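Okay, here's what each chain looks like letter by letter:
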Amino acid sequence: MEKGSNGSLLEVNNIEVVYNDIIQVLRGVSLKVETGSIVALLGTNGAGKTTTLRAISGLLKPENGFVREGYVRFNGHDITNSLGTQAVGLGAVLVPEGRRVFKHLTVDENIRVGSIIRRDAARRIRDDHALMYDHFPRLRHISNRLAGYCSGGEQQMIAIARALMAGPRMLMLDEPSLGLAPLLVSEIFSNIEKINRELNATILVVEQNAKIALGISHYAYIMESGKIVLEGESRELQENPDVKEFYMGLTQGGGRKSFKQVKSYKRRKRWM
Amino acid sequence: MSYFLQLVVSGIVVGSIYALSALGFVLIYKSSRVLNIAHGQIIASGAFITYSLTVWMGIPLVLSFALGLCITFFLAMSVERIFLRRLIGEPIISVIMVTIGLMSILDGIIYLTPFGTENFSFPPFLPTTPLVFSGVSVSWTQLVGVALTAAMIGGLSWFFRRSTMGIAMRAVADDQMAAMSIGISIPKVFGLAWALAGMSAAAAGALIGNITGLNFDTLHAFGITVFPVVILGGLDSILGAVVAGIIMGLIQQFAAGYLDGSWGLSSTGEIMPYLILLVILLFKPHGLFGIHEIERV
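If you read the sequences in order, they're chains V and B. Just so it is clear: in the first sequence, position 221 is 221 by my numbering, and no numbers are missing. Just so it is clear: in the second sequence, position 9 is 281 by my numbering, and no numbers are missing.
Cβ-to-Cβ under 10 Å is the rule here; a few derived chain V residues that face chain B:
| # | residue |
| --- | --- |
| 1 | P62 |
| 2 | V88 |
| 3 | G89 |
| 4 | R99 |
| 5 | F102 |
| 6 | G114 |
| 7 | I117 |
| 8 | I125 |
| 9 | R162 |
Here are some of the chain V residues that sit facing chain B, going by a computed Cβ distance under 8 Å:
| # | residue |
| --- | --- |
| 10 | S57 |
| 11 | L59 |
| 12 | G84 |
| 13 | T85 |
| 14 | V93 |
| 15 | L94 |
| 16 | P96 |
| 17 | H104 |
| 18 | E109 |
| 19 | V113 |
| 20 | I116 |
| 21 | A163 |
Rather than coming from a laboratory, the hints here were simulated on the basis of the structure. Bear in mind the structure is a predicted one, so any value in this text is a computation, not a measurement. All C-beta atoms in this analysis are idealised placements derived from N, C-alpha and C, irrespective of residue type, glycine included.
Please work from the sequences and hints to get the whole structure.
As structure tokens, then:
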């Protein structure tokens, strides 16, 4: 299949997204994801991270949103304002925010239904299904449980396994750390690294937890108020004093900020 | 004793037809949360299509039955495509209003045809001498009808439990956004749900025609009796539809068999389902097998 002109797997060019014809959420977002890399998209609440992922995966329409300006190109195909099924068909699969497992389906059924768009041999699908249990051994023991009764960490694993069953070129994860205990967060993130390494899936991860996301990603974008305000190699961003202070809670000295100091004067960084 | 057993047999026969009729209703509700008020009319259409194929076009019953299922399958699919597709995402009350409109339209169309007023009965295609087991008689049509119902329900349950498409349909009922995120096409699923519902409705209609004969007003009333059945079973449970259908059939037959005539009562069989409906709504609003939302706190 032909690639984009510059060889990026995903190219989002200057998109503006409007909800209900009036509420502008994205004001010209551009980002690129290279094949095989892990890219992080960071930012605070309401910065437009989730909307960006929805625009890529064709899930804006149910929320009454559309891309008014700019384009989204995946693997050489223009998928601006396309429907969700098209993005998945091309290999861009989203793990939605808040996990969204199918509560009344068993764990096994949740994983299996992820393969719905695949047209390859049933045996290969079954092999991949078995592979998911190797990746997430924790799920093997609970494969017959209703997903709604699984713990948050298990549900996140189910949601990732379900998305992987579609055989994605690029996996998009929307805040995989949401509502999980720190230990589970690092387990999920080491899983994400493993998926990138072993299954050759390109990863685009949206996070609020900047520290852990910068730790595993190669490249990162920081969003604020519907715009990309900073981008760079993750290693460099980790050293950026502003990023340190506003997204990782560290002061210039490198020590932890205490609540006392925060209370005495509240500073808020504006990037623009 | 044999009177009791005779009532049980006819209760199961009537009940399995209820189950089959309720099934289509449940299929639509299960995937799209739409209450299809026009389900009785779809049952009637299926029955009349099968009848005209058999009697007017002279196609053998078995073949015309299969053909009737196919035609109603596509008929229901096009109803979804034409009337309901554009309402995806609209408030559920508008969708229900559309199905009420659909009911009136189908009613009107059926009244225009010869089927609107007269009685019709299928020519017998099975031996007419009933089987008698120690005083209880079962007709061949009843036996084949129950077997057919069992086969259809078994087949559909298998489809929903085991096939990836069936699981996908349940997934859509569970969380539409998540279903879209893995590439399930919501319109396709809704179309298929309507088509399967149409197919099971046609089967129910053809069975009613073969067992009791066809009359539009009776079928009309039948379509409404499906409501207490699905509410007893739980609106979204196939198993519930089966169990509730049989229970309702038995209750109706027992009421008619034991209550009618005593204390000056009559037609209790027709009232009973609604009495039961009221009681269920008081004590078990989700029905016997309805899904309870899973809430994790």
